[in-house]
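*Asks:* Heads up: the protein sequence lines correspond to chains D and P, in order.
The working numbering numbers the first residue of the first sequence as 1 and each following residue consecutively.
The working numbering numbers the first residue of the second sequence as 1001 and each following residue consecutively.
Hints were generated in silico from the structure; no laboratory data involved.
Be careful, since some hints might not be right.
[Stated by the list, open to error] Non-contacting residues of chain P with respect to chain D, defined by C-beta distances greater than 10 Å in every case (computed): (1) Ala1037; (2) Thr1061; (3) Gly1083; (4) Leu1087; (5) Thr1092; (6) Glu1096; (7) Pro1101; (8) Asp1107; (9) Val1128; (10) Gly1131.
[Stated by the list, open to error] Residues from chain D shown here face chain P by an in silico Cβ test under 7 Å; the list is partial: (11) Leu181; (12) Cys263; (13) Leu310; (14) Tyr314; (15) Tyr316; (16) Pro317; (17) Glu333; (18) Gly341; (19) Ala350; (20) Glu359.
[As the list claims (entries may be wrong)] Here are the computed lysine to any residue pairs in the SDA-like style, where the Cα-Cα straight-line distance is at most 25 Å: (21) P:Lys1038 / D:Leu277; (22) P:Lys1113 / D:His380; (23) P:Lys1113 / P:Ser1044; (24) P:Lys1038 / D:Ala288; (25) P:Lys1113 / D:Pro287.
Keep in mind that this is a model prediction, so the values were computed, not measured.
Just so it is clear, CB atoms sit at the ideal spot from N, CA and C, and this is done for glycine as well.
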Amino acid sequence: MTKSPFVTLIFRGGRFHEAAMPVEALPELAAYQELVLAVAKKLFQDANPERRRLPKGFEAGFRLVLERVDPGSAVPIVSRLSDEPALRTLFPAAVVPDWFDKARDVVEGGIGAAAKDKPLPTELSREILARFNAFGRTLGGDESIVVAQPGKREGAVYDRLVRRKLVLQAQATYEDDVNLLGEVRAADKDAEGFVLRTADGRKLDVRIPPLFFPLALRSLGEAALVRVRGTGLYDQDGGLVKVTMATDVSLAEEGDEQTRPGCPTPVAAQVESLKALAPGWFDESSPAYDAASLHWLARLLTGVLDGFQLPRPYIYPTPEGLARAEWSGTSWEIVTSFDLGARSADVMAARNGSQEMHEITVPLGEPGGESKLGRFLTEHLATH
Amino acid sequence: MTTLVPLSDDEELLFRQVHPSFVRDGRPSSQAFRPTAKDAGKLSVSRGSLTTPDRAFKLHTEGLGLRSAGTWAVSVGECREEGLNVLPDPLTSPPEKIADPAHALVDFAPYPKNQAEARGARLARKAVDRGKMHPPLSPDGPSE
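Kindly generate the complete structure, drawing on both the sequences and the hints.
*Replies:* Shown next as structure tokens:
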């Protein structure tokens, strides 16, 4: 049995700063293996349409192992076990890529294309794109996985936004983790669930295993806040549609009332208030706002906030007709000025108690713009 | 020509009126704490040593007919920490519509737009932390 490097997966951001692999992120490796296996099967079937079955031992022939975690963010070394002689290890250049090597390359290519809003490899069918639901599920808003060739450190960057783009190519909704705080407003034992009202006024259907029903009834009777963790169904705009299955329902902790502090008013309502401004609202030159542009802004902001788990900004008009989103972080004051006509944003972060200032300009009509904005905001809204 | 001497009492408060559209859930936008493009780099404020938050509010709204959600404040010291001089600029009538002996200007002119934005953002934070000066908050929470 030999081992040969198969892929480099570099986990960056958030929990991976300490160059350690948190246990809760280990399922990502299994999800990656399943994804590559699914692509390899598809590649084989496309190349052999006359065959109804895969070769014997096809699936068992693809086994990935985690050898160690190298430093530099968290870099799990993922190798492939093989019964072949040590050809792959000793003479890697002499080895003809097999279905799994090709599948790995297709996955990397697909991630890279999605990140840049380019056409995806045709091998990524709808069924396979839906499998990206399971890969990257544990990533936080400020975390990403670099998917690279073995021995390389540069490759396609996979984060929550890219994952969403890939899954939504196959279907109108996608699944992701939820962590909600709210009050149970109605419970239905026959439907195996309840209705949760969150802090921002949303009412969501939550499906639960029977064991959580007594707590749901208690919350309903006592108006007690509960925390719901599980899997949610999101629409194309990143809006949570419902909780498809709660894996934990528990009483909220003291001080839990705002899990994502920020403006209490939802983005949609704030943007709607800009629509109501008439020409001359500030001075004779202040324009009114275009409804289509505001709709774009609301979708953009909702997507970035949900994708990177960011607090809600305070949104204001400007006399020049821009839209302005402001955050007060622990250390930084952040102002993002959106040019709704040019679809771009100037972002400025001013550190409190010093003259330090960071700024970027983000063309939001170009691929990667939202991610660039999200990463800048995440970096400056962190609590350090 | 008289040379204006910048204010030096760091404890003196400077009152700023904030347009209602620049207040969201009780929080004023930081654009209210830096000059607009038409202000020639100078931000109008009212000196706390010469007026009060409610008189400044009334002069702005009833006297000048302008809209305000209320009065917020920064101090001379907070402006000086940002490298901003505060220059007394009492207004007489005529030529102004209403006399305002408490009028002053925070001088952002030495700084380019982005640095003025950064200074305004930090001043806004100070004003928010200090709290709205007028009208006073109702027991039920922010009035805007």
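*Asks:* All hints, please: hold or fail.
*Replies:* Hint-by-hint comparison with the structure:
1. Ala1037: violated (7 Å)
2. Thr1061: holds (15 Å)
3. Gly1083: violated (8 Å)
4. Leu1087: The claim stands: Leu1087 of chain P keeps its Cβ more than 10 Å from every Cβ of chain D (closest is about 21 Å).
5. Thr1092: Non-interface label on Thr1092 of chain P holds, nearest chain D Cβ at 24 Å vs cutoff 10 Å.
6. Glu1096: Since the minimum Cβ distance to chain D is about 18 Å, Glu1096 of chain P lies beyond 10 Å and the statement holds.
7. Pro1101: About 26 Å separates Pro1101 of chain P from the closest Cβ of chain D, which puts it past 10 Å; holds.
8. Asp1107: Non-interface label on Asp1107 of chain P holds, nearest chain D Cβ at 17 Å vs cutoff 10 Å.
9. Val1128: violated (7 Å)
10. Gly1131: holds (14 Å)
11. Leu181: violated (19 Å)
12. Cys263: holds (6 Å)
13. Leu310: violated (17 Å)
14. Tyr314: It holds, given that the least Cβ distance between Tyr314 of chain D and chain P is near 4 Å, below 7 Å.
15. Tyr316: holds (4 Å)
16. Pro317: Where the cut-off is 7 Å and the nearest Cβ of chain P is about 6 Å from Pro317 of chain D, the hint holds.
17. Glu333: holds (4 Å)
18. Gly341: Where the cut-off is 7 Å and the nearest Cβ of chain P is about 17 Å from Gly341 of chain D, the hint is violated.
19. Ala350: holds (4 Å)
20. Glu359: Interface hint status for Glu359 of chain D: holds (6 Å vs cutoff 7 Å).
21. P:Lys1038 / D:Leu277: holds (21 Å)
22. P:Lys1113 / D:His380: Status holds; Cα separation ~21 Å.
23. P:Lys1113 / P:Ser1044: Holds: Lys1113 of chain P and Ser1044 of chain P sit about 17 Å apart, inside 25 Å.
24. P:Lys1038 / D:Ala288: holds (19 Å)
25. P:Lys1113 / D:Pro287: holds (22 Å)
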